[in-house]
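**Q** Residue numbers (the numbering used here), protein chains in the order written: chain V, 117 to 283; chain X, 117 to 283.
Rather than coming from a laboratory, the hints here were simulated on the basis of the structure. In this text, a Cβ means the ideal position worked out from N, Cα and C, and glycines have one as well. Accuracy of the hints is not assured; some may be wrong.
[To be verified] Mimicking DSS-like on lysine-lysine, the simulated pairs with C-alpha atoms at most 25 Å apart in a straight line are:
1) X:153 - V:153
2) X:165 - X:153
3) X:202 - X:153
4) V:165 - V:153
5) X:165 - V:153
6) X:153 - V:165
7) V:202 - V:153
[Claimed, not checked] If you anchor each label on the Cβ, the simulated ranges turn out as follows:
8) X:254 - V:191: 18 to 28 Å
9) V:199 - X:214: 36 to 46 Å
10) V:191 - X:211: 39 to 49 Å
11) V:221 - X:215: 46 to 56 Å
12) V:184 - X:211: 38 to 48 Å
13) V:199 - X:213: 32 to 42 Å
14) X:206 - V:199: 19 to 29 Å
15) X:193 - V:199: 14 to 24 Å
16) X:254 - V:253: 11 to 21 Å
Protein chains: 2
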Amino acid sequence: MDALTQSTTTRTKKKPTDQPSACSCVNLRRASRAITKVYDDALHAAGLKVTQYSVLVNLSRAGAVSVSELARRLRLDRTTLVRNLKALERAGMVEGAPSSDPRERGVSLSEAGRAAVAQARPRWIEAQRLIEARLGADGVRQLGELALALEGIAGRDVAGADSVESE
Amino acid sequence: MDALTQSTTTRTKKKPTDQPSACSCVNLRRASRAITKVYDDALHAAGLKVTQYSVLVNLSRAGAVSVSELARRLRLDRTTLVRNLKALERAGMVEGAPSSDPRERGVSLSEAGRAAVAQARPRWIEAQRLIEARLGADGVRQLGELALALEGIAGRDVAGADSVESE
DNA sequence: CTCCTATGCGTGCATGTACACGCATATACC
DNA sequence: GGTATATGCGTGTACATGCACGCATAGGAG
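Taking the hints into account, I'd like the entire structure generated from these sequences.
**A** Below you can see the structure in the form of structure tokens.
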């Protein structure tokens, strides 16, 4: 009732911040901002953002991989990852790794990166706990399921957009 | 099991993209990106992003308001809104509005803005429908509740961060 | 060997997001 | 009037995100 609803302007009182928006997208974006802040705050002492922690942890699990491969694992746009990696390389947490295919750029965790992950992990766990305390185990599970359902939604045409004439 | 888990590297097979990440934050961020794309695609024909549509709709409900007031309604950082408004002003969809207090900058929907909203609304509804078809009415409701719970979480200290010495 | 296609990579551009600052004005207190 | 506090605003800085491009090389078709 708060963000994208236009319908019944007949609302008389309207409590300020009680209801979620009628728009699932706005709801999700808001929730994403809020939860990101929780994790970022928790990881702040370790000098990482949650996005960076996510990259590092995946890298620690993957070993030496190409940028594209890492992007696939993170389910993140490759070009976004390219830029996210830059900060981590600048900070000395990620370093280049040899690669068979000259087209590929291999990357891997540096010692400093490994250390950063080790330092950050307990903070991350704390954040996880805080979220679970807030949502309950059920809520966390539901959230995972909803997220999964939404991730699989890519590529749909909704309105009669123009595209799709090639093949 | 996919993004931020480090524990049992003992995993033998691991289906590629079946499980949500162990990290609620990563899940939520991914879901947010995915759903944003759905709405942005739907609104593309109307020349708007969902973030812009959200601003315009709220503005259409609010009439002439100050930037800060609009930010409060959107539950969005004021400085973020300042910049988001710039694009809409450049596009002629938002215009200045008189204000009693000289400190305030009043903004309101222009005619073009109203037209854009009118053109975009059906697309937005389509996107809503698509999401509901994907999540079910229950899923949409759950999502709203979870989002609401997360929004209320601001300001917590998780790890023994340094701050909080002032008062 | 040569040409075509697939794959990997990085950048330009646009936008979203938020924090730290600094500037201006409104208000209250004296 | 003069000072202190509160409120509103915009910018600098930094990062996240994704699309459109263009460049380079690998691999196969001839």
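**Q** Of all the hints given earlier, name the ones this structure violates by number, lowest first.
**A** none
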